[in-house]
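Kindly produce the complete structure, drawing on both the sequences and the hints.
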Amino acid sequence: MTLLAVSGPHIDFAGLSPLVAVFGGALIVLMLGLARSRFARETLVPSLSIVTLLIALGCGIWQWGERSDLIAGALRLDELTLILTFLFCVAGIATVLLSWRHVAPREAAHGEYYALLLTSIAGMIVLVASQNLVTLFLGFELLSIPLYVLCATEMRRASSLESGLKYLIIGSVGSATLLYGLAFLYGATGSTDFAGIAGAIASGGDLVSDPLLLTGIALAIVGLAFKASTAPFHQWTPDVYEGAPTPITAFMAVATKAAAFGVILRLFDVALIDAAIDWAPPLAVLAAVTIIVGNVGALGQSSLKRLLAYSSVAQAGYMLAGVVVASRLGVQATVFYLAVYLAMNLAAFAVIVARERETPLGDDIAALNGIGASRPLLAWPMTIAMLGLAGLPATAGFIGKFYLIDAAVAGDYAWLGVFIVVGSMISLAYYLRVIAAMWMRPSAEEEGAAALAPPPGQQPALAGASEEASGLRAQGEVVFVAVLFGAATFVLGIVPSPLFNLVRDAGAAVGLL
Amino acid sequence: MTLHLSIVLWLPLVFGVLAMTVRPKDAGKVALLGTLLVLAYTVVFLVDFDTSSGGLQYVTDETWIAELGISYKLGLDGLNLLFVALTAITWCAATLWASFQDFEKPRLFFFHLMVGETAVLGALFAQDLALFVLFFDLMLIPFFFLTGMWGGPKRIAATTKMVIYTLVGSLLMLTAAIATGVLAAEGSGTDLSFAFSDLAQRSLGERSQDWLFLFFAAAFLVKMPAFPLHGWMPDAYRNMPLPALAVFSAVLSKVAAYGFLRVCAPLFPSAMEQFQTLMLAIALAGILYGSAMAFTTTESRLILGYSSLAQLGFITMGVFALNGQGAQGAVLQSFNHGIVVAPAFFIVALLAARAAGSEDIRDMGGIAMRAPALAAMFLVVAFATLAMPGSANFAGEFLILLGVFQTKMVFAILAFIGVVMASFYALRLYIRAMHNRTGPRVQSREMSLRDGLVLVPLVLAIIAISVYPQFALERTEKTVAPTATPAGEVAGGQTP
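Chains A and B are the protein sequences, given in the same order. Using my numbering, you'd call the opening residue of the first sequence number 485 and step up by one each time. Using my numbering, you'd call the opening residue of the second sequence number 1474 and step up by one each time.
Check the hints yourself; a few may be wrong.
A short, non-exhaustive set of chain A residues, derived as facing chain B with CB atoms under 10 Å [stated by the list, open to error]:
| no. | residue |
| --- | --- |
| 1 | W584 |
| 2 | V587 |
| 3 | R590 |
| 4 | L622 |
| 5 | L626 |
| 6 | G856 |
| 7 | L876 |
| 8 | M924 |
Bear in mind the hints are in silico, worked out from the structure with no lab data behind them. Fair warning: this is a prediction, and the values are worked out from it, not measured in the lab. Heads up, the beta-carbon is just placed ideally off N, CA and C, and yes, glycines get one too.
Below is the structure:
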C-alpha cells in the first residue's frame, strides 16, 4: 500500500540541538517565572537562562565540524552558523549577568524578560542558519519581536517605552521592506532556496541585469541595513539604544549586529554571489557613508549609550567592507571582527551598567570621571575597550581592523581601506574623550558632589531602600563581565591565533566562494 | 636565533608591571632597575657588535600571525644600533630624574613610562613591517596618558590634539603598510608576508610606490614633527611632564627619521627619488622656520622644541640626500641631537626651579653666578646644540651637508643659514638664562647631587661621542650607506 510509504522529512535533531536547547530553556524559564517563591524568580530564572545558553554552547561545540542541511534544506548547519551561535550565547550570558540585579526584569517580571531574551537568541540562530528566504524571514521576525518588547521593559521610564515603540515602528518598516525584497528575489529567480537562487543567477545569462532581481536586491539591502543599523538607515539607533535598558542595549549592539551580518554574509556571499556586480558597489558606498556618518555623529555625544550607538553604526560600516569584497578572506575578516567587536562592546557596556548603579549621573560621560583612581577594575576594561574600538595596537581591535583592511585591499577596494582608517581617526576624538574622563579628570566625589549623596548615617525613608542600596553595591557579576571581556580584548590582540582558526573554518564553510 | 633582543624588548614592560605591584615610593626604583638593565644590555650590544658585517645580528624570527603573514622578527644592524643606544641612555636618565621627583600616582606613571620604552624598542628592533607599524602606533598611547595625567594646565586638550594629529599619519601608514604587503605578494605571486627581507625582494610598481610612500611620509613627518605638520607640537611640549618630554623629544621624533631609512628607502626606492626635491624643500622649510621660531620665542621649552624641529629638518635632509654620507650623517645626528636635547630639558627644569617656577627666559638671568657647575654643563650642551666644531653634532651636520651638496647643491647652501641661526638661538638661550642681569625673582643655587647624577653622565656621553664619533660611524657605515643610495644600486646593496 502506498499509504504506508508517506513519511515526514528526516529531522537531524543532533544538528538542531542548540536551537532545541534555547527554545526548551525559554519555555522552562517562562513557566518558572510564574512561581511564587522569590528565590525561584530572581535567582533560579536567570541561572537557568545561563545554563540553557551554556547547554546550547555545548551542543554547538559538539556539532563543530558537521556540515549538513537541516529540515529539508531550510536551515544549514556549518561552522559559520556555529561560530555565530557561540557569539549569541556568549552575548546572551553576558546580558543575563548584566540584568541580574537590573531594574528591568523586576518591572517586567523575570520569567517573561529572560524567556524573551532566549527566544530572541533562538531567532538569531534560525536567521543565520537559514538558507531559504522563508526561514530567513521567520528568523528575522523571531529575533525582532522579542527585542521590541525587551526595549520597553523598564515600564516606569518614559524613554524606555519610547525606545520600544520607536524600534517597533522602524523595525516593522525594515521587515516589510525586506519581505518585499525577498518576494522580488523569488519572483526573479523562481526559487526560495539559496542554492536555487544561486543556480538561477549563474545559469540565466541576463538575469544579473533583470530589473526584478535588482529591485529585490535593493529592497533586501535596505531591510537588512535597518537591522544592521548602517547609514542612512541608522536614525533609530541612538534613540533606541539610549532608551532601552542598558543590558538590552548591550545585547542589541553585539548580538543583533552579529545576526544581521551573519544573514548578510549568507544571502549575499552565497545566494547572490554571482550577482556581486549588482550589490557590491552600492554596498561599498553604503559602507563608506556609514563609516563617516557614524563617526561624525558620535563626536558631540555626552551620553555614553548614544556615543556607543553611533560608534556601533561606524563599526557596522567597517564590517560591511568585509562583505563588499565578496571573498573568503572578506567573510573571515567580518566574522573575526564580529567576535572582537562583541568583546569590546560588552566590556564597555558592563562598565556603563556599573556606573549607572553607582552614580546618579546615569550614562552621562561624567559618570566615568576619575574612576581610574577609584575603580581601576572598571577603568582598565573600559580603557582597553575604547582603545580597541579605535583600533589601536595591543588590542584585538587592531588585529580586526588589520584583517578587514587586508581583505579590502586584496579585493581591490583599497579606497575602502582608506575610509576605514579615516573613520578610525575621527573616532579617536570621542574614544579618547572617554579615556580622558576616566584617567585625567577628577572624580565626581572629589569635585564636591557630596551634596548628591544622602547625609551619612541616614537612609532615605523608603520601603526596602536599604536592601536596594546594598543590592546596587554588590555587583560582582557586572565587574566580572567587564574584566572578562576587557581581558579578552587584550589577550586576543596578543594571541589571536585560536580565533583565527575558528574563523578560517567559518570562511571555508561558505562553500560557493 | 637568539633571545637577546626579546629580553631587552620586554624587560621594561616587565619592570613596569612590577612597579605597579610595589609600594608607591619604590615604583621609581623598580623602573630604574629595568632601564639600567636595558642600558647594560645595550652596552654589551655596542661592544659586541660585529662591525664587519652589514647584515642583521641577534635575529629572532618567529611566526606570529600566520593568517596575516605577520612574523615576530627582530634584528639589530648598523641602522638601528645607535637609535637603540639613544633610547636606553635617555630612558635611563629620564627614569632616574623622575624617581627623584614627588608626584601623584607614581606607580602608573612609571608603568606608562616603561610601556613607552618597550614600544620604542619594538619599533626599532622590528624587522617586519606590520610589527613596526604596531609598535610605532603603540608608542603614542603611554605618552597620551603621561601627558594627560601628569601634564601642565591644559593637558587634556594638548594630549588629545597630539594623539589625533599623530595618529592621522600613523593610521594612513597602517593602510599603506597592509597595501605594501598585499601588493607585493600579488605582484610576485607569493604568500602574504610583511618581513622587510621578503618585501625588499618583491618589487612594487612605480605608481603604487608613490602613494604608499606619501602615506608613510605623512606618518613620519607628523611624528617628527616637520613644518608645516607641527601644529600639535607647541601645546604638547608646553604640557608634557618633563621626564616624558625629554624622552619624547630625544627619541620618538627620531624613530620617524629611522622609519624613512628602514621602510621607505629599501621598499620605495623610485618614490624616494621622485619626491626627493619635495622632501628636501620640506626639510629646508623646517630648518628655517624652526630656527626663526627658536630665536623669537621666550619659552625655554619651546626654544628647545623649535630647535628640534630645525634639527629634524637637517636629519630629513640627510636622509633625502640619497647617498651614504647624507644617511650616515642623519643617523649620527639623530643620536647626537637626542643625547643633547634630553639634558637640555632637564636643565630647563633646573632653571625654572631657580626662576620661581617660570620657564620663560625673560624671568631668568644671572643664574650662572651661584651655579658654576650647572653653567658648565649647560655650556657643553649649548655648544653641542649649535654644532660647534669639535662636537659630534658638527660631524653630523657636516656629513649631512656634504651629502646634500653632492646631489642638490642649492638646498645645501640654503641650509647653511640654519647652521648660523643655530648658534644664535643656542647662545641666546644660554646667555639670557645664565648671564645678563639677574632676574627679579631668581634665587640661584648650585645643582644638587641628584641633579648631577642625571646630568653628568649625559654630558660625559656628549663629550665622548664628540671626541670619538668614529665609534658610531664605523658601526653604522656598513648598513646605512647601501640603504640610502639611489634606486639602481639598492637592489644590489640590500642586506639579506
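Right, here's what the structure says about each hint:
Look at W584 (chain A): its Cβ only gets to about 31 Å from chain B, farther than 10 Å, so that hint breaks. Violation of the interface hint for V587 (chain A) is found here, the shortest Cβ-Cβ separation to chain B being roughly 34 Å, above the 10 Å cut-off. With 10 Å as the threshold, the beta carbon of R590 (chain A) stays out of range of chain B, its nearest partner Cβ sitting at about 39 Å, so the hint is violated. Interface restraint check for L622 (chain A): the shortest CB-CB distance to chain B comes to about 35 Å, outside 10 Å, so the restraint is violated.
At its closest, the beta carbon of L626 (chain A) sits 34 Å from a beta carbon of chain B; the interface hint therefore is violated under the 10 Å criterion. Contact between G856 (chain A) and chain B, as hinted, is supported at the beta carbon level, the nearest pair being about 8 Å apart and thus within 10 Å. For L876 (chain A), the shortest C-beta to C-beta distance to chain B is roughly 6 Å, which falls under 10 Å, so the interface hint holds. Interface hint at M924 (chain A): satisfied, since its Cβ lies 4 Å from the closest Cβ of chain B, which is below the 10 Å cut-off.
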